[in-house]
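Join the two chains, each given in its own frame, into one complex according to the hints.
The listed protein sequences derive, respectively, from chains A and B.
At position 16 of the first sequence (counting the first as 1) the number is 16 in this note's numbering, and the numbers step up by one without a gap.
At position 95 of the second sequence (counting the first as 1) the number is 208 in this note's numbering, and the numbers step up by one without a gap.
Quick caveat, the hints were computed from the structure, so don't treat them as lab data.
One or more of the hints may lead you astray.
[As the list claims (entries may be wrong)] Only part of the chain A face toward chain B is listed, based on derived beta-carbon distances under 10 Å:
id, residue
1, Pro-8
2, Trp-22
3, Gln-41
4, Trp-96
[Unchecked claim] Below, in silico cross-link-like pairs of lysine-lysine (DSS-like), each with a Cα-Cα straight-line distance of 25 Å or less:
id, chain 1, residue 1, chain 2, residue 2
5, B, Lys-217, A, Lys-11
6, B, Lys-181, A, Lys-83
7, B, Lys-217, B, Lys-114
[Stated by the list, open to error] Chain A is nowhere near these chain B residues, computed Cβ spacing over 12 Å in every case:
id, residue
8, Gln-147
9, Tyr-189
10, Ala-204
All C-beta atoms, glycine included, are put in the ideal place defined by N, C-alpha and C.
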Amino acid sequence: EAGVAQSPRYKIIEKRQSVAFWCNPISGHATLYWYQQILGQGPKLLIQFQNNGVVDDSQLPKDRFSAERLKGVDSTLKIQPAKLEDSAVYLCASSWGGEETQYFGPGTRLLVL
Amino acid sequence: KQEVTQIPAALSVPEGENLVLNCSFTDSAIYNLQWFRQDPGKGLTSLLLIQSSQREQTSGRLNASLDKSSGRSTLYIAASQPGDSATYLCAVRGSGNTPLVFGKGTRLSVIA
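One chain only, chain B, in its complex shape (with noise of 0.2 Å):
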């Protein structure tokens, strides 16, 4: 049974900082990983979406990197503002249409 796990649970950072978010996961056998953005009260945004054969995918300030070999992605957020304080989701899908399996999140602050 596929697992994710987020760390950290919560980050706070001052505004202007480079930051990273990790995510792993059990079983190797992906076939995308998606990192999610959820402000308080309202439902997921999605970020950045990497299928199972590529290393990296980059939109704006956020790059997000996959190695599924090691069954590890990070989400690396460049200069970071008060208006990127959310929540931060991963989740990954299996082979097959097999469901998407969330990690619990990232709490982000980021202080002005």
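Just chain A, same shape as in the assembly (with noise of 0.2 Å):
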């Protein structure tokens, strides 16, 4: 069974630049999650797709950030504009349903300078 793609790996954009994540969940994994771990820190849940609507995003700043998942399957992470403190780890996740083991990317690792 493959597991979660993200892509890019790495990205580093100056202040003020736009970025853009990538996620393919497991297949037929109903549930996507995209999280934001900052070094030291553990993962903070930024936003909860259940097929392609969104269930939760409450701690998603989103005069700057935005995510859509397409068809219920595949789903982009965007920063519009970056700032310095966005540097961290972008990590994707993706599970059958709602309460259920998450199984995680590799994440994207972001150096906003």
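Listed below in structure tokens is the structure:
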């Protein structure tokens, strides 16, 4: 079974630029999550999708972050414009349902200069 | 608001030792608790999931216990190996479709 795929693996941008991350969950998983993990911290949920609908985006900074899940499969997370404090690892995870084991991708490491 | 604390923040042990990692949480009304492993530059791997009605779960050399009333969980690793070196994260989920809340993790080094 293929795991959760993410791209790119690394990204370096300057502040005020835009950036987008892509995630392909495990086939058949209805629930998809985006997390932000700042160095030395545990992951923090940014947004949760159930199929192509948003379940929880209460911790997503909506003035600069946006996310979509096209056709309930792939998902993209965008930051526009980026700030220095957005430097982090962005992790995508998926699960069969909202309360079951989550499977994580390798993450995208973002550095904002 | 749920808060998860993991102690110690870092731990270094010689190969072969048995060790215990601790996790505490402030709100005992949880649905389940998970232990994850994170290797440098990689995502998280789920190790054990304990439902709120359970007391412990075991997988190979790993055993996780849950005492919901006291807001504590422990991860016991038997006969540690250098390959166990990683960061171990504890996460709790509240009732309903609430998100996982993670601790900051314990960074484990097993020295050969």
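**Message:** Checking a non-interface call: every C-beta of chain A should be farther than 12 Å from the C-beta of Gln-147(B). Is that right?
**Reply:** violated (7 Å)
**Message:** Check whether the Cα positions of Lys-217(B) and Lys-11(A) lie no farther apart than 25 Å.
**Reply:** holds (24 Å)
**No chain A beta carbon within 12 Å of Tyr-189(B)'s** = The claim holds: Tyr-189(B) sits with its nearest Cβ about 20 Å from chain A, beyond 12 Å.
**Prompt:** Is Lys-181(B) within 25 Å of Lys-83(A), Cα to Cα?
**Reply:** violated (39 Å)
**Message:** Given Trp-96(A) as an interface hint, is its Cβ closer than 10 Å to any Cβ of chain B?
**Reply:** Since chain B brings no Cβ nearer than about 13 Å to Trp-96(A), farther than 10 Å, the hint is violated.
**Restraint satisfaction for Pro-8(A) [CB to CB of chain B, less than 10 Å]** = With Cβ-Cβ at 14 Å, over 10 Å, it is violated.
**Request:** With a cut-off of 25 Å on the C-alpha distance, tell me whether Lys-217(B) and Lys-114(B) pass.
**Result:** Distance of about 16 Å is within 25 Å: holds.
**Claimed clearance of chain A by Ala-204(B), with the beta carbon kept past 12 Å** = violated (7 Å)
**Message:** The hint names Gln-41(A) as touching chain B; please verify it with the least Cβ-Cβ distance against 10 Å.
**Reply:** holds (6 Å)
**Message:** Less than 10 Å between beta-carbons is the criterion; does Trp-22(A) satisfy it with respect to chain B?
**Reply:** Cβ of Trp-22(A) sits 15 Å from chain B, so the hint is violated.
Hint compliance for this structure: hints 1, 2, 4, 6, 8 and 10 are broken, all remaining hints hold.
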